[in-house]
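Please model the entire structure based on the sequences and the hints provided.
Residue-level listing of the chains:
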Amino acid sequence: MTPRRKKRLTLVGLLVLGVGGAAALLLAAFSENLVYFHSPSEVVEGGVPMDRKFRIGGLVAEDSVRRDDDSLGVRFRITDTAEAVSVQYEGVLPDLFREGQGVVADGHLTADNVFVAERVLAKHDENYMPPEAAEALERAKTGYAPESGTIAEQ
Amino acid sequence: MDWQSFLAMGGYAAFVWPSYALVLIVLIANAVIPHRRERALRERIARRTTGNRR
Amino acid sequence: MNLVWFHKLGSPKYFYALALRLTPWLGGLSFVLLALGLYWGLVVAPPDYQQGESYRIIFVHVPSAWMSMFTWMFMAFCGLLVLVWRMKVAASLMRAAAPLGASFTFLALVTGSLWGKPMWGAYWVWDARLTSELILLFLYLGFMALQSAIEQREAAGRAGAVLALVGVINIPIIHFSVEWWNTLHQGATITKFDSPSMPVEMLLPLLVSAAGFMAYFATVVLKRARCDILEGQAASGWVREWATPAATDHRNP
Numbered sequence: 001m002t003p004r005r006k007k008r009l010t011l012v013g014l015l016v017l018g019v020g021g022a023a024a025l026l027l028a029a030f031s032e033n034l035v036y037f038h039s040p041s042e043v044v045e046g047g048v049p050m051d052r053k054f055r056i057g058g059l060v061a062e063d064s065v066r067r068d069d070d071s072l073g074v075r076f077r078i079t080d081t082a083e084a085v086s087v088q089y090e091g092v093l094p095d096l097f098r099e100g101q102g103v104v105a106d107g108h109l110t111a112d113n114v115f116v117a118e119r120v121l122a123k124h125d126e127n128y129m130p131p132e133a134a135e136a137l138e139r140a141k142t143g144y145a146p147e148s149g150t151i152a153e154q
Numbered sequence: 001m002d003w004q005s006f007l008a009m010g011g012y013a014a015f016v017w018p019s020y021a022l023v024l025i026v027l028i029a030n031a032v033i034p035h036r037r038e039r040a041l042r043e044r045i046a047r048r049t050t051g052n053r054r
Numbered sequence: 001m002n003l004v005w006f007h008k009l010g011s012p013k014y015f016y017a018l019a020l021r022l023t024p025w026l027g028g029l030s031f032v033l034l035a036l037g038l039y040w041g042l043v044v045a046p047p048d049y050q051q052g053e054s055y056r057i058i059f060v061h062v063p064s065a066w067m068s069m070f071t072w073m074f075m076a077f078c079g080l081l082v083l084v085w086r087m088k089v090a091a092s093l094m095r096a097a098a099p100l101g102a103s104f105t106f107l108a109l110v111t112g113s114l115w116g117k118p119m120w121g122a123y124w125v126w127d128a129r130l131t132s133e134l135i136l137l138f139l140y141l142g143f144m145a146l147q148s149a150i151e152q153r154e155a156a157g158r159a160g161a162v163l164a165l166v167g168v169i170n171i172p173i174i175h176f177s178v179e180w181w182n183t184l185h186q187g188a189t190i191t192k193f194d195s196p197s198m199p200v201e202m203l204l205p206l207l208v209s210a211a212g213f214m215a216y217f218a219t220v221v222l223k224r225a226r227c228d229i230l231e232g233q234a235a236s237g238w239v240r241e242w243a244t245p246a247a248t249d250h251r252n253p
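Residue numbers (my numbering), protein chains in the order written: chain A, 1 to 154; chain B, 1 to 54; chain C, 1 to 253.
You may find that some hints are simply not true.
Unchecked claim - Once the Cα atoms are required to be at most 35 Å apart in a straight line, the calculated DSBU-like pairs of lysine-lysine come out as:
| id | chain 1 | residue 1 | chain 2 | residue 2 |
| --- | --- | --- | --- | --- |
| 1 | A | LYS6 | C | LYS8 |
| 2 | C | LYS117 | A | LYS7 |
| 3 | A | LYS7 | C | LYS8 |
| 4 | C | LYS13 | A | LYS141 |
| 5 | A | LYS6 | C | LYS13 |
| 6 | C | LYS117 | A | LYS53 |
These aren't lab readings, by the way, just hints derived from the structure by calculation.
Next up, the structure:
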């Protein structure tokens, strides 16, 4: 490589390093704002703003969903398995909403630590499998018909 | 194959089919545009070259 | 080190002839792979246990998103060749890739949105993954605007190369956004270091479709680069010779 090309290469390297460093600093500074939602643990520990809206994310706790009979109102608890927060919501829920499912809710916290949601979004995980495999996996987990549990693990 | 249920996409037809249609439209358009452009360019260059010779 | 092939590739005339020979094959390959992958994904692959049929959008969404990131990395690599070696062919390839990258990014955003509505419950959320992908779209549009704004080809190539190299910072941000921050977008399915969270009957059509997108990119980027080379070299002897009607067999310029 000629000295001139070497010099250009060094300049390009410095440019990328400089911009990369600046981007890293910027992202570190704004890291808190880039978080789309807070966990129930953070809410219980008081690590969330009480005066303004924020989002809370976690799993819908098992056996916690209570639907109103005469309206679209629904109450459930969002948990991160360590802590749980009660949520109140009135409106249409996404197709994926069910107990044990990940959700993210927009809203604010009332004084008695109930989260009043204005919007509930479902968050799904990165696992995909056919329904039969999911059933087999479920059976294997409960110690029933373990020989079919391998399909989903291929 | 059962066409009706295939087209219905389990109730998600309104999301699945537009996705695929849009992807195909954009891919085809991106392939056709440079094809035409190259042909036009070639004709232009040829016209200029033969024009110079005359 | 023997760099003859490298210098040969750097010659617009040689590169043009090579691209002319390669594109029909690549085009055929991409057509076959795309047809196979999309048919497999739409018809043969089983539905998902949670998302039912809606997850079939993955077979176009994920390849688009991968290609949107790959294209920018390709442009950054070309940018390096432009800045350090002043390679004209690399500048042509970089310019050729930009509209394709913008298309892939646009497709990833729109198909993702069409997938997000039924599953998440929203077309759009400002989470880190979606926002960084939107920034990528603006980077592509900025690159294209820059190319058309600068009249002089060499200067436009160099300015574009700097933008491509600076913008490459956004690629790891897009990729790792789902790990670094809490996002509504789920984590990676395929590119995890342990085994993918997907059974083979879903994974294979996805990989075939992705290979089809890659072959498509190679085809169209060469086609567009051919146009760009013709425009840049219109005055040179080999282009005139190649374009004159006398040289009817234009496959061998």
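Quick rundown of the hints versus the structure:
At most 35 Å may separate the alpha-carbon atoms for a hinted pair to count; LYS6 (chain A) and LYS8 (chain C) meet this at roughly 21 Å. With a C-alpha separation of about 51 Å, the suggested pairing of LYS117 (chain C) with LYS7 (chain A) is violated against the 35 Å cut-off. Restraint check for LYS7 (chain A) and LYS8 (chain C): the C-alpha separation of about 24 Å stays at or below 35 Å, so the hint holds. The hinted pair formed by LYS13 (chain C) and LYS141 (chain A) fails the criterion: a straight-line CA distance of about 64 Å is larger than 35 Å.
Only pairs whose Cα atoms come within 35 Å are accepted, and LYS6 (chain A) paired with LYS13 (chain C) is accepted, the gap being roughly 27 Å. A threshold of 35 Å between alpha carbons decides the hint, and for LYS117 (chain C) with LYS53 (chain A) the separation of about 22 Å falls inside it, so the pair holds.
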